[in-house]
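Order-wise, the sequence lines are chains A and B.
The opening position of the first sequence corresponds to residue 1 in our numbering, with each subsequent residue numbered one higher.
The opening position of the second sequence corresponds to residue 292 in our numbering, with each subsequent residue numbered one higher.
Keep in mind that the hints are not guaranteed to be accurate.
[What the hints assert, rightly or not] Taking lysine to any residue pairs in the SDA-like style, the calculated list, with each CA pair at most 20 angstroms apart, reads:
#1 K366/B x Y71/A
#2 K293/B x N288/A
#3 K112/A x G137/A
#4 K304/B x R128/A
#5 K365/B x K13/A
#6 K293/B x K13/A
#7 K512/B x S53/A
#8 K130/A x K365/B
#9 K13/A x W359/B
#10 K366/B x R128/A
#11 K512/B x S90/A
#12 K129/A x L440/B
#13 K297/B x R128/A
#14 K73/A x K366/B
#15 K297/B x P89/A
#16 K240/A x G226/A
#17 K133/A x T352/B
#18 K73/A x T352/B
#19 K73/A x P363/B
#20 K365/B x A198/A
#21 K365/B x H253/A
Don't read these hints as lab results, they were simulated from the structure.
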Amino acid sequence: MGIMIEDLTVTFKNKVTAVGHANLEIPKGIFGLLGENGAGKTTLMRVLTTVLSPSSGTVTLDGILYSEGNYEKIQRKIGYLPQEIDLYPSLTVQECLEYMGDLSGISKQIYKERIQYYLEKTSLTEHRKKKMKQLSGGMKRRVGLIQALLNEPEFLIVDEPTTGLDPEERIRIRNLLVDFSEGRTILFSTHVVEDLAATCNQLAIMKKGCFLYAGNIQELLEYAKGNVWDFVTDDSAQVKELEKKYLISAKQHTENGIQMRILSKEKPNLDCRPDKATLEDAYIYLTNQSW
Amino acid sequence: MKYEVKISLPVYKISYAVFFIVMLSLVRGVTDSYEIGIASEAPMAMLAVCVFADTYTKEITSMRSEIWRLRPLKKRMYSIYRRIVIQWIFLLFAAVVGYGLFFLFQNPRTIDMGQNSLENETGQFFIYLSAIAVTLLFWGLLSNLLSCLFRNMWIGIGGCLILWLTANSSIGDKYLGAWNLFSYTFRDVENSGDFRWICGKIVCICVDVIMMAMLPNIIRKRG
Numbered sequence: 001m002g003i004m005i006e007d008l009t010v011t012f013k014n015k016v017t018a019v020g021h022a023n024l025e026i027p028k029g030i031f032g033l034l035g036e037n038g039a040g041k042t043t044l045m046r047v048l049t050t051v052l053s054p055s056s057g058t059v060t061l062d063g064i065l066y067s068e069g070n071y072e073k074i075q076r077k078i079g080y081l082p083q084e085i086d087l088y089p090s091l092t093v094q095e096c097l098e099y100m101g102d103l104s105g106i107s108k109q110i111y112k113e114r115i116q117y118y119l120e121k122t123s124l125t126e127h128r129k130k131k132m133k134q135l136s137g138g139m140k141r142r143v144g145l146i147q148a149l150l151n152e153p154e155f156l157i158v159d160e161p162t163t164g165l166d167p168e169e170r171i172r173i174r175n176l177l178v179d180f181s182e183g184r185t186i187l188f189s190t191h192v193v194e195d196l197a198a199t200c201n202q203l204a205i206m207k208k209g210c211f212l213y214a215g216n217i218q219e220l221l222e223y224a225k226g227n228v229w230d231f232v233t234d235d236s237a238q239v240k241e242l243e244k245k246y247l248i249s250a251k252q253h254t255e256n257g258i259q260m261r262i263l264s265k266e267k268p269n270l271d272c273r274p275d276k277a278t279l280e281d282a283y284i285y286l287t288n289q290s291w
Numbered sequence: 292m293k294y295e296v297k298i299s300l301p302v303y304k305i306s307y308a309v310f311f312i313v314m315l316s317l318v319r320g321v322t323d324s325y326e327i328g329i330a331s332e333a334p335m336a337m338l339a340v341c342v343f344a345d346t347y348t349k350e351i352t353s354m355r356s357e358i359w360r361l362r363p364l365k366k367r368m369y370s371i372y373r374r375i376v377i378q379w380i381f382l383l384f385a386a387v388v389g390y391g392l393f394f395l396f397q398n399p400r401t402i403d404m405g406q407n408s409l410e411n412e413t414g415q416f417f418i419y420l421s422a423i424a425v426t427l428l429f430w431g432l433l434s435n436l437l438s439c440l441f442r443n444m445w446i447g448i449g450g451c452l453i454l455w456l457t458a459n460s461s462i463g464d465k466y467l468g469a470w471n472l473f474s475y476t477f478r479d480v481e482n483s484g485d486f487r488w489i490c491g492k493i494v495c496i497c498v499d500v501i502m503m504a505m506l507p508n509i510i511r512k513r514g
């Protein structure tokens, strides 16, 4: 059944509306959440994890309404990796995870098995005796992800899980999430469009507290299809002029000059050729078209 | 339990507590051994306020509270209570060491009762230990409760400080008498048979029970 969000509004005490009249359905599988900083993604996730109560609107998880009386039932179904978290610096990786496992109310034998399994999956086995404060940012993210997976939640919310990871680790974590998503719902928030392209089918794009788009990635790509143009020039003055005139999704120095990806509905009056739209192109195109 | 000890008693906390009791036993002058309790109770209460203030708020400042709230309340409370007990035992141990340090640094006069001298001195120590145990738990729990309620350890410390200043003053002694939270400090030292100060400690214990009962609700609602 997944998650249903209907007419959700979150307004803070200082009258700032972080999420305004949002509607969304999050089905089973990995669901991507994209948006610029301050778009309301973290606020939405904090509502879904019951940290924040909505000002109005309703949210249901597998048919269970988000209300104070149901919070404990809902919380048992959720795993969460917040964007910023500082896990116990004086404990080792193993100790920290055992502590979180115990706090989850799972039996000792089960959480020990799961810890071992996920440490291997995230290449942290050799670091398990290191103290949390000795870990790099990427390693801490991975430990954070393991703690979210420990109780094998039905609904997993991960906020920027691949931040600070090297490319190989990113792929490993993405694959881990894909494996984990079988029969479950994962809300995957990230700035790395590439991660979403590699893991999910469905996504939502947020801007200023509203959903600009919610649906299939293929449909989003269709939306940008025919609007991406490749252009190469060695004239830097022309580059500056084009940057003022068009949306540029990429710029690169090559042997032939400066290669640009121009996003435009009409073919620019240049010697350019159409190119296949990427998810990043579609995201930039959509977020700049609508506002 | 081992992990809880590591979490609730980091090196900096042990260091400032040790520094505090060493300084207290060096700086606060006592002439007779029965003055040690008077010299220790109120300062040790303030130490408890500082030590207990982040029992749970450390989860808030580190953003771990967001994942804590997804765990069963019973387990969360069990963890918080364990931290309270660990910190309380640590402070109790510090209070005992502090008592000894007063003897070491200042060599106060002991109760001169002939053959029963040692016996009386031991009895006095155990009375001190009982009184300080109640005091430490009360101020620690209060500090933790206020910190959890306002999700800020500084409000917890500040709130306790106001009460501490009121109770540990001549006004507090005048108006509250034997019911004062620091009744042991203000007891009649000339009359060793006067145990009316126990009333103040009973007040502390009663409030402790209320605070312990309130804590799960605060944690559930404030997270």
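To see whether the hints hold, each was checked on the structure:
| no. | hint | in the structure |
| --- | --- | --- |
| 1 | K366/B x Y71/A | holds, 16 angstroms |
| 2 | K293/B x N288/A | violated, 54 angstroms |
| 3 | K112/A x G137/A | violated, 24 angstroms |
| 4 | K304/B x R128/A | violated, 26 angstroms |
| 5 | K365/B x K13/A | violated, 31 angstroms |
| 6 | K293/B x K13/A | violated, 41 angstroms |
| 7 | K512/B x S53/A | holds, 11 angstroms |
| 8 | K130/A x K365/B | violated, 30 angstroms |
| 9 | K13/A x W359/B | violated, 24 angstroms |
| 10 | K366/B x R128/A | violated, 24 angstroms |
| 11 | K512/B x S90/A | violated, 28 angstroms |
| 12 | K129/A x L440/B | violated, 36 angstroms |
| 13 | K297/B x R128/A | holds, 17 angstroms |
| 14 | K73/A x K366/B | holds, 15 angstroms |
| 15 | K297/B x P89/A | holds, 10 angstroms |
| 16 | K240/A x G226/A | violated, 23 angstroms |
| 17 | K133/A x T352/B | holds, 16 angstroms |
| 18 | K73/A x T352/B | violated, 26 angstroms |
| 19 | K73/A x P363/B | holds, 10 angstroms |
| 20 | K365/B x A198/A | violated, 40 angstroms |
| 21 | K365/B x H253/A | violated, 59 angstroms |
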